[in-house]
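If you read the sequence shown in this note's numbering, its first letter stands for residue 1, the second for the next number, and so on.
In case anyone wonders, no lab produced these hints; they're calculated from the structure. Where a beta carbon is used, it is the ideal one built from N, C-alpha and C, also for glycine. Each hint should be verified, as a subset may be incorrect.
What the hints assert, rightly or not - Between beta-carbon pairs, the in silico distance windows are:
id, residue 1, residue 2, range
1, Glu-102, Ala-27, 26 to 32 Å
2, Ser-125, Glu-225, 23 to 29 Å
3, Ala-109, Glu-172, 31 to 37 Å
4, Thr-222, Ala-48, 37 to 43 Å
5, Glu-175, Ala-34, 27 to 33 Å
6, Gln-76, Arg-223, 44 to 50 Å
7, Gly-155, Asp-55, 36 to 42 Å
8, Thr-134, Ala-101, 16 to 22 Å
9, Gly-135, Ala-84, 28 to 34 Å
Unchecked claim - In silico DMTMM-like cross-links for lysine to aspartate or glutamate, where the CA-CA straight-line distance does not exceed 20 Å:
id, residue 1, residue 2
10, Lys-70, Asp-18
11, Lys-146, Asp-127
12, Lys-11, Asp-127
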Amino acid sequence: MSRLPEADVRKQLCLALDVATVEEACAWVRRMTAHFGTFKIGLRLFCAQGPSVVDRVREAGAERVFLDLKLHDIPQTVADAVSALTAAGPDLLTVHTAGGAEMMRRAQAATEGRITLLGVTVLTSLDASDLSSTGCESSPLAVTLKRARLAVDAGLGGLVCSPEEVSAVRAELGELSRILVTPGIRLSGGELDDQRRVATPREAVRAGANLLVIGRPVLTATRPEQVCEDLFAELSA
């Protein structure tokens, strides 16, 4: 992999703001804006603080705000939710591809082209045995590829998939998926936490991902800036 300028590395990195309050989130944004181009708001923070958290995070310095709610309901309900959430002003918003093609089409239409909708394929906390226990006998890869194709056909602007499936998704869809988001990023030798399908930053980028989500390895580190330096070093090497 050729050496990337630091500005390009920063664009590829997303910090998951997995904290309880908007004050904590904004403090992390101010501290980490030099290292991360995107900041992700998940269910915990959004449910605790409401839609205004998007503006607060942006005002703290976030260049791009990623609202990760994995919407999954009947098509009209999701479309209405997407319309309301679009007004909150995130740059990226997730729906769950398990909701089906019609749900995704309606959701995409509800954005009116104002934000980028991403389709979550299979959660990185699930493996084949987990899928089987829910009645899905296909492998995580097979499910991911099928759902990824549905998402692209529905007009979504990107996908979220585990590091293990990124290369196959990129090979299957090429640039039809402009954004390939990969959670489950861990530095070599790091703790897995509750993730099962993980990769190092370099492995994920080589596989075709262009937005890497990292949370706990930074948020729980004794020296978060050092973790960021290690990320930059690995991706710039």
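For the range 44 to 50 Å, tell me whether the beta carbons of Gln-76 and Arg-223 fit it or not. 48 Å, holds
Assess, step by step, whether the Cα of Lys-70 is no farther than 20 Å from the Cα of Asp-18, and give holds or violated. The given pair, whose Cα atoms are some 15 Å apart, holds under the 20 Å limit.
Holds or violated: the 37 to 43 Å window for the beta-carbon distance between Thr-222 and Ala-48? For Ala-48 against Thr-222, whose Cβ atoms are near 26 Å apart, the range 37 to 43 Å is violated.
Holds or violated: the 31 to 37 Å window for the beta-carbon distance between Ala-109 and Glu-172? 25 Å, violated
Is 26 to 32 Å respected by the C-beta to C-beta distance linking Glu-102 and Ala-27? 41 Å, violated
Could you tell me whether the CB distance from Gly-135 to Ala-84 stays inside 28 to 34 Å? Distance hint for Gly-135, Ala-84 holds at roughly 32 Å.
At the C-beta level, are Glu-175 and Ala-34 separated by a distance inside 27 to 33 Å? 29 Å, holds
Is 36 to 42 Å a correct range for the gap between the Cβ atoms of Gly-155 and Asp-55? At roughly 27 Å between Cβ atoms, Asp-55 and Gly-155 fall outside 36 to 42 Å, so the hint is violated.
Evaluate the given range 16 to 22 Å for the C-beta pair formed by Thr-134 and Ala-101. About 20 Å separates the Cβ atoms of Thr-134 and Ala-101, which means 16 to 22 Å holds.
Measuring from beta carbon to beta carbon, are Ser-125 and Glu-225 in 23 to 29 Å? 28 Å, holds
Keeping to a limit of 20 Å between CA atoms, is the pair of Lys-146 and Asp-127 held or broken? 16 Å, holds
Quick one, are Lys-11 and Asp-127 close enough, alpha carbons at most 20 Å? 29 Å, violated
Consistency note: the structure conflicts with the earlier hints numbered 1, 3, 4, 7, 12.
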